[in-house]
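J.: Starting from the structure of chain A, add chains B, C and D with the ligands where the hints point.
Chains as they are written, first to last, in my numbering: chain A, 90 to 417; chain B, 90 to 417; chain C, 16 to 343; chain D, 16 to 343.
Don't take every hint at face value.
In silico negatives: residues of chain C with every beta carbon more than 12 Å from chain D [said to hold, decoys possible]:
id, residue
1, Ser39
2, Gln40
3, Gly60
Which residues of chain D face chain C? A few of them, derived with a C-beta cut under 8 Å, are [said to hold, decoys possible]:
id, residue
4, Asp102
5, Thr105
6, Met108
7, Val112
8, Lys117
9, Tyr120
10, Gln145
11, Pro158
12, Thr239
13, Leu243
14, Gln282
15, Tyr283
16, Gly287
17, Glu288
18, Asp295
19, Pro314
Keep in mind that the hints were calculated from the coordinates and are not lab data. A virtual CB, placed ideally from N, CA and C, is assigned to each residue, including glycine.
Here are the chains, one letter per residue:
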Amino acid sequence: MANEGNGGPPPDAEAWLELYERMFRIRCFEEKANDLYVRGHMPGITHLYIGEEAVAVGVCSVLRPDDYITSTHRGHGHCLAKGADLYHMFAELLGRADGYCRGKGGSMHIADQDTGNLGANGIVGGSTSIAAGAGLSAKLRGTDQVAVAFFGDGALGQGQLYESMNMARLWRLPVLYVCENNLYGEYTPNDQTIAGEILDRARAFDIAAQEVDGQNVLAVQQAAQHLVDRARAGQGPAFLQCTTYRYRGHHVGDVDRPYRSPEEERAWEQNRDPLRNLRQDLTAQTRTDPAVMDQLEGQVQTEIEDAADQALAAAAPPATEVGLHVYA
Amino acid sequence: MANEGNGGPPPDAEAWLELYERMFRIRCFEEKANDLYVRGHMPGITHLYIGEEAVAVGVCSVLRPDDYITSTHRGHGHCLAKGADLYHMFAELLGRADGYCRGKGGSMHIADQDTGNLGANGIVGGSTSIAAGAGLSAKLRGTDQVAVAFFGDGALGQGQLYESMNMARLWRLPVLYVCENNLYGEYTPNDQTIAGEILDRARAFDIAAQEVDGQNVLAVQQAAQHLVDRARAGQGPAFLQCTTYRYRGHHVGDVDRPYRSPEEERAWEQNRDPLRNLRQDLTAQTRTDPAVMDQLEGQVQTEIEDAADQALAAAAPPATEVGLHVYA
Amino acid sequence: MSMRRISFGDAIREAIDEEMARDSQVFMIGEDIGAAGSVFKIFTGLQDTYGPERIIDSPISEAGIAGIGVGAAITGMRPIVDIMFGDFTTMVMDQMVNQAAKTHYMSGGKLTVPMVLRTTMGAGRASAAQHSQSLHAWLSHVPGVKVVAPSTPRDAKGLLKSAIRDDNPVAFFEDKMMYAWPGEVPDTEYLIPLGKGDIKREGQDITIVATSSMVHESLSAAETLASLGIAAEVVDPRTVSPLDTELLIASARKTSRALVVDEGCQQYGVTGEIASVIADGAFYYLDAPVKRMGAMDVPVPFAPSLETVTIPDAAGIVEMAKSLCGKA
Amino acid sequence: MSMRRISFGDAIREAIDEEMARDSQVFMIGEDIGAAGSVFKIFTGLQDTYGPERIIDSPISEAGIAGIGVGAAITGMRPIVDIMFGDFTTMVMDQMVNQAAKTHYMSGGKLTVPMVLRTTMGAGRASAAQHSQSLHAWLSHVPGVKVVAPSTPRDAKGLLKSAIRDDNPVAFFEDKMMYAWPGEVPDTEYLIPLGKGDIKREGQDITIVATSSMVHESLSAAETLASLGIAAEVVDPRTVSPLDTELLIASARKTSRALVVDEGCQQYGVTGEIASVIADGAFYYLDAPVKRMGAMDVPVPFAPSLETVTIPDAAGIVEMAKSLCGKA
Ligand SMILES: Cc1ncc(C[n+]2csc(CCOP(=O)(O)OP(=O)(O)O)c2C)c(N)n1
Ligand SMILES: Cc1ncc(C[n+]2csc(CCOP(=O)(O)OP(=O)(O)O)c2C)c(N)n1
Ligand SMILES: [Mg+2]
Ligand SMILES: [Mg+2]
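If we strip away everything but chain A, and leave its shape as in the complex, we get (with noise of 0.2 Å):
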């Protein structure tokens, strides 16, 4: 029982559900989003956060709107978390000029100001000074906005980590740093990359740190609400390890996956499911009727269908924006 053990509030349905629903947003987005890809309604190729619901979810739902995130190749669970809409998200996947990007930016560059997400980021942990900036930039404000770096265990290898986990720490900026470990960097298992402990890599700049059962949205939520809490209050930067993973390929054009075993993907999928977890937990905890639930993902099924419908018929930007947004 995901919530058990780890002495979190009592049970509340209406704020569990939410979370159920919002990871289960993203779920069907994702889905949606490799279906446009499989029927060639998508340019390019992108990278679903299926199996990792449970982190962006959890960390976001103690975030205030006006926190900040910074996101990473794998950005559109962080980007709907933090409250982005579907429509303008599908469209920008497609390329349409009604995107969040006008289409300029397509999925590794989702950005949305309005809900603080400051981007999703092709560099591989290129956001993680962002983020430390957008903290220094918070405190020199004098706000108590947080920022959020979120980025893969594949970061742990970019030297660019470490100057901002060092600068974090040493003018106590509010920053939370979280890795998502879902075991590779592309087609290469981390324990080929990764010498050492994670957790090491930030206490060695005394920044405290944390590891969270992934998987488990409550958890994560409980282990992100203390943490944001504390650099909240001035107490300084913070690292959050979330252990997960990516149900699918790398990218949707990853999809033999010989770097993994079938097993192991179906161990993850059958006794690690976030979505299973808390449902699991509503019904035996809060005694939620599933057909809550049911009707809920019905409800989540036909915004998702009719978001992507709606720009799938957008119009794409015209030629003549291309040379827009070069210089302000």
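T.: For chains B, C and D with the ligands alone, kept in the frame of chain A given last:
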């Protein structure tokens, strides 16, 4: 008594005298370099190693001629400790054709492959991955050479160092990371630039790390011997923090030094001087007659004077050489 | 000479395979190049042949592996450093420019850096701004590095073999769009010298200097132009630096008109250098100004409706050539 | 308008002081810029006025502070990132090129990056190859970044104030040799717009386009040329990108001869772009080929006997101008 308590080998007058001579040679070289600068003979500026002699001499005393070192902007000590010749060094500092680099490198870029010195470096942290590359090269070529990366505490700010340590550990490369912690990076005390504990920065990568009194050449030698033997035996990289102090300015032009107190400087010079330390040990423990050391010092001073005079008399490279060595 | 038809990607793999077979000093390091055979799947099988010690999967540490390449190169190896996307050369500039390019010169000719940096260039895959750049102009600005940008499988194989044998750092740019493109290569071993351009099509009316994939756009433009009575000469420098200026100038003097096409951004890019070299060297022979066609000076947009307009194409080349020949 | 005589360094400090006084969003971050007042001693006292929170001494983490600048800029601040030597911009290319330059475009115009990257350029101090480069050509190749290279205290102050107020990333290159050079600046506040060149001396016989310190070499050359009956017009673009092409072309059309002088390496550098722009735009007016004088294409050597030959100087400019005017 420097070597007491470090359980070092039984006093060996011969060996200790040689260490003393090497340290004294470096100090005299630097005094002369400063003198050449002050008298307007040296182009540009240079960074003196005075006060830190025990680090380079202690570490290099356990290296073989075919082992590699990568050095820093404060590199004269490393260069001499690894076996460089006084005349060619002075000639390089003065921009003469007889210099180690035919006058093209100068103080900050002296390299001498004959003694395994892969070069001083003007880029802080820049040589840490070069040393890892030399270690990888030794491993691939099947030799048992070891590569030592000397770098200052300031290099702890460079992400490059962490990328290098991660790979060195992953592939068990024969690399010794020697951090010369002299408390300052240029004009900034390093408590303002380093979060957490220095040794933890290496341990986070599961790299064996230890600290040693950088003013005690016997202690440095003993620690280095252990870590170099380990690396040579295929047990992987190690990290040695040597606490030391530069008596003079960041460079020869830094004479006022408002960023630190004269008291602090005096304390280091009077209580922890590596030369005085060893001289005391030599007399007290090996019963070496002070006259022997005085005579040795006299000889070294003469060497230095002769080498410098010879370099002053040497010719500058003809302008026709400017286009040479751009490509091999 | 009997020929075979292979893809550009195969040509790259064959060159590396042959050089690794003949010289044990050659090894390759990069991300996902081993078991995964690179994200472009061009190295499938190579690690099986040479093992993980010579085809090294690295962490996501571009700066670090470039530095490791430098260190290995100056100590007797011939590393090939694979940087997945040319956009990430932004992270290796320090090692390439301050170390690799200058080591031979700064050491007065003592140390050499026989290293190859392989990376990609080219837009057209809806990969957006951080995975579509052609940044070969930067390293071409740096003395001490050679820069190659081949256009055909035959050139790619012959030039890469020469690059691996060259005693200087060589940056090798491969247009990722061309990996699957087929072409003829000799059955027997051959080399193509660095620094020598190649006339891909002869003509008397106008010289079109083109690099990498732009050679193919220019050749198809030349076909169209021929049907309009304009005989275009298509010249491929193949090596961007050092540039085969004689060949370019001779062609322009012959045709009295010149157009330079390259996929890097036009401003301060490759076309500026080549155009100014021709405008100077052929000044008294030119009947029209030397024109340039680089990529549009905007970040590469994601939406295909925008991306396509940013890349020079055959149609645009035809228009420009016609107007230069007074046939517009 | 009443004027004062101040040094180039003072002009930089005054611009920053005035902008920090008028706008609390402006802050500066860099190495040794606080208590030490920068290694060039141009910021003495600034930290006393604005405190360590707005004049931030950073660790030696160029990539990190550039990223922090980007993050602070997109969240409401106007950071000035100080990179001590232009040679170290090799370490900020990723943040400047993949993040700062593209964020506005990739976000479809939503996010802006009002950030100034200040750094140095120029050889002549016997600082050798890693502390003497002029690398402004690279960022000039990148759409989305503006690049400034002022030649006088007056231009420096007015342009830096405009750069700080600009909503785009601006790279500001200061020739370290000029910091002590005096010049007239207005007593009252003024701005100089980015993108506008300036005719530093009028003439009818030849146009000399020069940047940064080369403007002074060109002006003294113009003096000599005048005595030989050649009236040279010295044009200073001031902003390298975006380039004031109209001004340059108009001048060349008027004089019918042009020479471009810049201290960056000549190959694939600033002179190539400017020369090709003029050769194209003034083609039908030119009596002679447009000539270029960049730094010699070699790493900057240490020995003064070699270094001096690598930098374009007045004597060389005079010779070139004479031959262009048929007076050689
Ligand atoms: C600096 C850089 N190097 C390489 C890449 C290519 N790349 C894209 S995603 C990726 C793997 C990232 O792994 P991880 O950080 O664990 O994120 P995950 O994909 O597992 O979510 C790589 C190597 C990149 N985008 N940026
Ligand atoms: C990448 C880089 N950034 C900045 C500098 C300028 N710089 C030269 S030495 C130095 C301080 C280095 O401090 P440390 O590593 O502790 O060595 P120390 O001088 O104390 O021996 C700095 C900042 C540089 N050379 N390289
Ligand atoms: Mg991962
Ligand atoms: Mg130090």
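J.: Hint by hint, say whether it matches the structure.
T.: For each hint, the structure was consulted:
no. : hint   : result
1   : Ser39  : holds, 31 Å
2   : Gln40  : holds, 25 Å
3   : Gly60  : holds, 32 Å
4   : Asp102 : holds, 6 Å
5   : Thr105 : holds, 4 Å
6   : Met108 : holds, 4 Å
7   : Val112 : holds, 5 Å
8   : Lys117 : holds, 4 Å
9   : Tyr120 : holds, 4 Å
10  : Gln145 : holds, 5 Å
11  : Pro158 : holds, 4 Å
12  : Thr239 : violated, 24 Å
13  : Leu243 : violated, 23 Å
14  : Gln282 : holds, 6 Å
15  : Tyr283 : holds, 4 Å
16  : Gly287 : holds, 4 Å
17  : Glu288 : holds, 4 Å
18  : Asp295 : holds, 4 Å
19  : Pro314 : holds, 4 Å
The structure fails hints 12, 13 (numbered hints given earlier, in ascending order).
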